[in-house]
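**Student:** Those sequence lines, one after another, are chains A and B.
Reading the first sequence from the start, the letters are residues 313 to 604 in the working numbering.
Reading the second sequence from the start, the letters are residues 512 to 784 in the working numbering.
The hints are simulated quantities; they were obtained by calculation from the structure and are not laboratory data.
Among the hints, a few may not be true.
As the list claims (entries may be wrong) - With a Cα cut of at most 30 angstroms, we get these calculated BS3-like pairs of lysine-lysine:
| no. | chain 1 | residue 1 | chain 2 | residue 2 |
| --- | --- | --- | --- | --- |
| 1 | B | Lys688 | B | Lys699 |
| 2 | B | Lys780 | A | Lys318 |
| 3 | B | Lys778 | A | Lys318 |
| 4 | B | Lys536 | B | Lys688 |
| 5 | B | Lys536 | A | Lys318 |
| 6 | A | Lys600 | A | Lys397 |
| 7 | B | Lys780 | B | Lys542 |
Said to hold, decoys possible - A few chain A residues that face chain B, going by a derived Cβ cut-off under 7 angstroms, partial list only:
| no. | residue |
| --- | --- |
| 8 | Phe328 |
| 9 | Pro346 |
| 10 | Thr362 |
| 11 | Pro364 |
| 12 | Glu382 |
| 13 | Tyr513 |
| 14 | Thr531 |
| 15 | Pro536 |
| 16 | Ser540 |
| 17 | Gly549 |
| 18 | Arg571 |
| 19 | Val572 |
| 20 | Trp574 |
| 21 | Ser575 |
Backbone N, C-alpha and C fix where the C-beta goes; we use that ideal spot for every residue, glycine too.
Chain by chain, the residues:
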Amino acid sequence: MDIFEKLMNLDRRWVFLFLIVVCVLTYVSDFEIPVLVEPEVEAIFDFVDTLPAGSAVMIPIDYDPGSQAELHPMTYAIVEQCWRKEIKLIFSALSQNSPGMADQAIRDISDSLKVEKEYNGVVYPPREIVNGIDYCFLGYKPYPAIIILSMGQNFRLPFPLDYYGTPLDSLPMMRDIQNYDDLACVIDISGTNSTDYWISYGQGRYGFPLAIGVTGVSTAQYYPFYGSGQIFGIMGGMLGAAQYEQLADNPGLAKDGMRVQWSAHMMIIAFIVLGNVGYFVSRFRARKRERG
Amino acid sequence: MEFSTFLWTTFAAFLTLATYSFLYKDNPFYKIAEHIVTGVAAGYFAILLWHNGLVPKLWFQRLDDGDWFVLWLNSSRPWYLIPAILGILMWTRFSKKYQWVSRWPMALYIGISAGIAVPLEMSNRVNKQLYDTMADLDWANFLGQGTYAMFDTTSGLSQLLIVIGVVAALVYFFFSKAHTGVFGAAAKLGIWTLMIGFGASFGFTVMARISLFINRLQFLGGWGQEAFNASGTTPNANFTPWFQVFFWLLVALVAGYATWEIISHIKSKSVST
Numbered sequence: 313m314d315i316f317e318k319l320m321n322l323d324r325r326w327v328f329l330f331l332i333v334v335c336v337l338t339y340v341s342d343f344e345i346p347v348l349v350e351p352e353v354e355a356i357f358d359f360v361d362t363l364p365a366g367s368a369v370m371i372p373i374d375y376d377p378g379s380q381a382e383l384h385p386m387t388y389a390i391v392e393q394c395w396r397k398e399i400k401l402i403f404s405a406l407s408q409n410s411p412g413m414a415d416q417a418i419r420d421i422s423d424s425l426k427v428e429k430e431y432n433g434v435v436y437p438p439r440e441i442v443n444g445i446d447y448c449f450l451g452y453k454p455y456p457a458i459i460i461l462s463m464g465q466n467f468r469l470p471f472p473l474d475y476y477g478t479p480l481d482s483l484p485m486m487r488d489i490q491n492y493d494d495l496a497c498v499i500d501i502s503g504t505n506s507t508d509y510w511i512s513y514g515q516g517r518y519g520f521p522l523a524i525g526v527t528g529v530s531t532a533q534y535y536p537f538y539g540s541g542q543i544f545g546i547m548g549g550m551l552g553a554a555q556y557e558q559l560a561d562n563p564g565l566a567k568d569g570m571r572v573q574w575s576a577h578m579m580i581i582a583f584i585v586l587g588n589v590g591y592f593v594s595r596f597r598a599r600k601r602e603r604g
Numbered sequence: 512m513e514f515s516t517f518l519w520t521t522f523a524a525f526l527t528l529a530t531y532s533f534l535y536k537d538n539p540f541y542k543i544a545e546h547i548v549t550g551v552a553a554g555y556f557a558i559l560l561w562h563n564g565l566v567p568k569l570w571f572q573r574l575d576d577g578d579w580f581v582l583w584l585n586s587s588r589p590w591y592l593i594p595a596i597l598g599i600l601m602w603t604r605f606s607k608k609y610q611w612v613s614r615w616p617m618a619l620y621i622g623i624s625a626g627i628a629v630p631l632e633m634s635n636r637v638n639k640q641l642y643d644t645m646a647d648l649d650w651a652n653f654l655g656q657g658t659y660a661m662f663d664t665t666s667g668l669s670q671l672l673i674v675i676g677v678v679a680a681l682v683y684f685f686f687s688k689a690h691t692g693v694f695g696a697a698a699k700l701g702i703w704t705l706m707i708g709f710g711a712s713f714g715f716t717v718m719a720r721i722s723l724f725i726n727r728l729q730f731l732g733g734w735g736q737e738a739f740n741a742s743g744t745t746p747n748a749n750f751t752p753w754f755q756v757f758f759w760l761l762v763a764l765v766a767g768y769a770t771w772e773i774i775s776h777i778k779s780k781s782v783s784t
């Protein structure tokens with residue numbers, strides 16, 4: 313058995329092992345990969361960046377821990393940018409395992425706002441983030457399509473109380489907010505098919521500006537909606553999150569992971585090339601043997 | 512980090528490694544992790560539905576003045592009992608004799624869903640996409656503005672490629688005519704278009720899977736620093752003697768299983784030769 317035949321019969325566990333070794337070595341090493349920002353991500357950043365203080369944005373957090381690698385960094389970057397700019401946020405969680413993710417993000421980002429930081433040359437003083445004044449977390453309700461439609465009439469219909477059990481009317485920031493008409497935009501960060509519901513039942517029915525952050529697996533299927541203008545921006549997977557972190561000048565876990573992404577992709581490409589070389593050489597030799 | 516949190520984080524680190532051990536082969540540690548994840552997810556979802564759906568909507572209802580009432584004792588809103596009864600009727604699925612009754616709530620549910628979904632889905636996922644595909648080509652902006660702008664979805668070139676790709680892909684799925692000649696060439700272009708689309712999806716999927724592994728690396732890296740105090744100089748308060756006993760027992764268990772696996776593997780090899 314020559315090397316090409318061995319290559320064709322290589323136990324896939326060697327590929328896994330090699331990939332793990334490459335990823336771990338790249339992770340512990342310290343170098344940076346340049347991140348090129350795409351227009352569909354920049355559109356979201358620019359939209360949020362130009363909103364005046366006091367505007368309200370809704371961020372549905374519709375993902376579970378299985379998608380946190382790609383979507384949590386998006387949430388952290390956008391929410392911190394909004395709160396630094398004193399934009400009020402409404403969170404919802406329409407996926408069954410997402411309330412925990414939203415609650416964790418709110419607590420973490422609230423903590424990071426307590427220190428002064430400089431982003432893109434602007435110094436932001438420390439801020440205390442207060443529930444009911446800076447944000448409202450609506451929580452979870454089943455059947456996202458129905459919930460999205462009813463929030464278009466009034467947030468109080470599906471959510472008379474927020475996640476913490478406080479009536480919406482008693483939250484100061486919600487006194488002037490009835491439905492989507494009172495929001496600047498909705499930025500859905502989702503690892504489920506709730507994005508489809510936001511496009512069809514939310515933006516399609518009520519016409520508000522909608523942007524999305526989705527997992528890498530489902531990114532390609534939402535580009536047609538960006539082309540048709542039904543969504544004004546899209547962040548795809550960890551790369552989209554890294555691009556947003558770069559724009560926000562707030563490097564986090566996504567940008568930190570880019571060098572591992574790069575090395576893993578290079579290795580996978582190398583294995584694909586090797587596999588194809590092995591395949592074509594084996595086929596060529598087999599045909600040669602047949603001809604005698 | 513509090514000790515209890517640290518303990519659970521250590522358990523999470525163990526489950527992470529147990530899950531990845533499946534890459535070698537199915538084993539008891541993977542099974543433990545798999546069953547815990549499934550059980551926890553099912554239990555969490557059941558409790559979430561109970562507290563966010565059934566209790567506030569059916570059991571206790573909130574009045575406009577802020578007071579609560581028990582649904583069953585309030586005669587002013589008897590209509591809330593209708594969905595409750597319909598929900599209970601769903602459970603007749605478990606009886607062979609009465610399962611036909613569950614068709615009534617199912618019919619109502621599907622009817623309402625279809626009534627809401629059909630016009631909105633048609634409008635937003637079909638019509639708007641059709642309008643965008645059939646838009647006038649933007650000749651003035653054929654190559655877009657700026658570097659790589661020709662590949663923006665708004666450039667004329669992209670619009671042209673989309674029209675050609677869509678038509679060719681539709682031709683590929685038209686099986687009433689033989690795929691020969693010009694029609695065959697168009698079908699071939701269609702399959703190439705589809706393959707490029709699948710390739711884009713595959714590329715994004717690879718990125719997604721690697722992202723998951725990166726996240727676990729970041730988690731394990733953070734846990735390692737917390738557990739072994741790799742980056743700090745002060746003693747780690749969480750790394751108590753009891754924790755060390757627990758930790759090294761776990762390591763011994765895993766190492767024991769791995770050794771047993773290796774010995775079995777060597778024995779099976781020697782038997783086969």
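**Student:** Can you give the numbers of the hints that this structure goes against, from lowest to highest?
**Tutor:** 4, 6, 9, 10, 11, 18, 20 and 21
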